[in-house]
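Just so we're aligned, residue 1 is where the sequence shown starts under the numbering used here, counting upward by one.
You may find that some hints are simply not true.
With beta-carbon atoms standing in for the labels, derived distance ranges [as the list claims (entries may be wrong)]:
1) 47 - 71: 22 to 28 Å
2) 35 - 62: 15 to 21 Å
3) 67 - 4: 17 to 23 Å
4) 13 - 58: 23 to 29 Å
5) 56 - 4: 23 to 29 Å
6) 70 - 24: 20 to 26 Å
7) 13 - 53: 24 to 30 Å
8) 47 - 14: 31 to 37 Å
9) 63 - 24: 30 to 36 Å
10) 46 - 9: 26 to 32 Å
11) 25 - 58: 27 to 33 Å
12) 6 - 46: 14 to 20 Å
13) 58 - 6: 28 to 34 Å
None of these hints come from the bench; they were simulated from the model. Quick reminder that beta carbons are idealized off the backbone N, C-alpha and C, glycines included.
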Amino acid sequence: GRAPADRLRRTLAEAGADLLLTDAAWERTAREALPDGEAVRIDAPAPPPAATTAPTPLPVHPDHVQYVMFTSGSTGVPKG
């Protein structure tokens, strides 16, 4: 049903996520839950490198979140 995508959508919105790592089994749900963001399959074969130069390092700040945990909570609504 729609419940997993709706719950995931609310969780991602609360977290302010614009990128979601997923696998083949959850790809459709991930794309539905994050229509304006990017769902990246971690089990897809990697494309060949396009360039021979190293990528430009991005600045890293303490405000940059890499991992967000949510629990189901006692009310059943995910809480981060």
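So, going through the hints one by one against the coordinates:
no.	hint	in the structure
1	47 - 71: 22 to 28 Å	violated, 36 Å
2	35 - 62: 15 to 21 Å	violated, 29 Å
3	67 - 4: 17 to 23 Å	holds, 20 Å
4	13 - 58: 23 to 29 Å	holds, 24 Å
5	56 - 4: 23 to 29 Å	violated, 37 Å
6	70 - 24: 20 to 26 Å	holds, 23 Å
7	13 - 53: 24 to 30 Å	violated, 37 Å
8	47 - 14: 31 to 37 Å	holds, 32 Å
9	63 - 24: 30 to 36 Å	holds, 32 Å
10	46 - 9: 26 to 32 Å	holds, 28 Å
11	25 - 58: 27 to 33 Å	holds, 30 Å
12	6 - 46: 14 to 20 Å	violated, 31 Å
13	58 - 6: 28 to 34 Å	holds, 32 Å
Comparing the model with each numbered hint stated earlier shows that hints 1, 2, 5, 7, 12 do not hold.
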